[in-house]
Amino acid sequence: MVGWRRVLSSGEPEHSVPLRLWTLAAVVVSVFAVTAHDDFLEHRLIIPLLVAAGFAFSYWRRGRPNWWVKILLAVLCLGVGWQFLRDVVGDPYHTSVPLTVLLLWLQTLHSFDVPARRDLLFSLLSSVILMAVAAAFALDQTFLAYLAVYALTAVQALVHNAWQAARDAAAMPAINPVAAARAAHADAPGAHRGIMWAASHLLVVVLLGAAVVFVFTPRFEGGRLTSLPFSPQRFLLDVLAGRLLNPAYPDGGEADGVPPQWNPRGYFGFSPNVDLRLRGRLDDTVVMRVRATRQYNWRALVFDTYTGTGWKISDPGLTQFDGSAPPIHLVHRRDEVLSYRFRHERVVQSFYIDVEQPNVVFAAPLAERLYLPASRVYLDRFGSMRLPGTLKPGDVYSVVSRVFTHDAAVLRAADGSPPGFITERYLALPRVPDRVRALAERLVAGEPTVYDRVMAVNRHLWTAYRYDLTIPHQRRPGDAVDYFLFEERRGYCEQFASAMVVMLRSVGIPARLVTGYTPGTLNPITGLLEVRNSDAHAWVEVFFAGVGWVEFEPTPGFPDTADLGG
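Counting from 1 along the sequence shown, just add 12 to a position and that's the residue number in the working numbering.
You may find that some hints are simply not true.
To be verified - The calculated label-pair distances, taken between Cβ atoms and stated as ranges, are:
no. : residue 1 : residue 2 : range
1   : Arg424    : Pro77     : 48 to 56 Å
2   : Ala144    : Pro536    : 20 to 28 Å
3   : Gly93     : Ala144    : 15 to 23 Å
The hints are simulated quantities; they were obtained by calculation from the structure and are not laboratory data.
The beta-carbon is built from N, C-alpha and C at its ideal position, and this holds for glycine as well.
Work out the full structure, taking the sequences as your base and the hints as a guide.
In structure tokens:
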């Protein structure tokens, strides 16, 4: 029993208000430095308020038994640790964010039990760790301001700690005469001024040293940095004016009804036309590297019109957005943003281009804020973004997106009728063989909701067909989807996505084809996702009444889009 009391004992209470205030200030500054990063903005107000409340509570309870507080805080620490483990298991590729959140909450909980000086010193040590974390996430010189303020507060806290320790020692001369002599010297006239003079000189040394370290710390390339990395603006002339340009297929992927020649160094799906008769294999060149808070497909283009042999973008209309300084804020059409009403998450992405890419902004949908090497961007009817010129090696840009979280319950409840302007465009089909429609009707028969009908078609493609990059050319003229479904029964992602869209449209469900890149492969050394040319991909978006557009993955062997980001 005596052992437990010793464990739960708080020690001699600390009564110095200045020491507590300076320690609190150092902790709060370290929290603000960390939460200045976009990943932690949601904690920017609540954590400092709780820390301040905790310090006030600890001061009020400093001389009273706090065993029940320690037990309660231990339970809460277990809860925070459990949430950390869930976050890490859910996304093992990005552990730095949940680990930082764990540190923030542990610091917060500890602030409710700092009755003694040793507890205050522990809080100060924890704030040093938080400042190191803030330095790791720092993207610009703003961190230097936090560092300067932190150095001021931390040095003051240490000075008051030493001064208070000397004063306390003066009260026990018989027990510790050496400390008493030092305390008497500390209480002598002018001694306090001497301590403050030494502290001010120490502060200057710390600030100068911190400035030198900060200047020589490697940072992201790019001359103008705000809160996210991006290259300096280089598009001085807008020669494309929103026109799509794919360096691998400069003619637009269409040549008088004849399939263009296959180019293994670039994806034909980044052109205005997608020809399903093309055959070939893309090389494995790393084309870009991505740092993102979550893994998603990097969406490029949306195609709305099926031609029987491929896809095209039917609406040439573009909306121009300009910004003299980043970010450029986008405003999407109403059918694109319906999902904002439901559960969604903010995804921050930075793209580092290694190989020339089309003048397309790759991003998780829907992009809201763009940090680009351009002062202008074009938004098409379908939420795809275009630059004034192609992306060049060395270009860096960042995007903040708001991504709908796939929720089967929400989608099953969205069983109403889509608006007319949606059905008019996204149910349109050329004349397709009757057996395509018959297969779709058989697959969805008896399914109670739109979502269940979509999943029935999706599962059929997963299980009845094979993903194969070695298929020969189509051996007869005719509808490409019909040929894939009933004769070849294997194919590329473009065949799978096209088949799903055509079958869904034939049973009255609005759908469209999307191209882009899969997330890529994590490099454990750099922490970046390496996206290769062969990661180019096509998938499906389905419209749900009252919800909006939702991604689905029809190609077997690829992650279900519901699993991405989770």
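Taking the hints in turn, this is what the structure says about them:
1. One distance hint, 48 to 56 Å for the beta-carbon pair Arg424 and Pro77, holds here, with the actual separation near 54 Å.
2. The hinted range of 20 to 28 Å is satisfied by Ala144 and Pro536, whose Cβ atoms lie roughly 21 Å apart.
3. The supplied range of 15 to 23 Å is met by Gly93 and Ala144, whose beta-carbon atoms lie about 21 Å from each other.
Of the numbered hints listed earlier, not one is contradicted by the structure.
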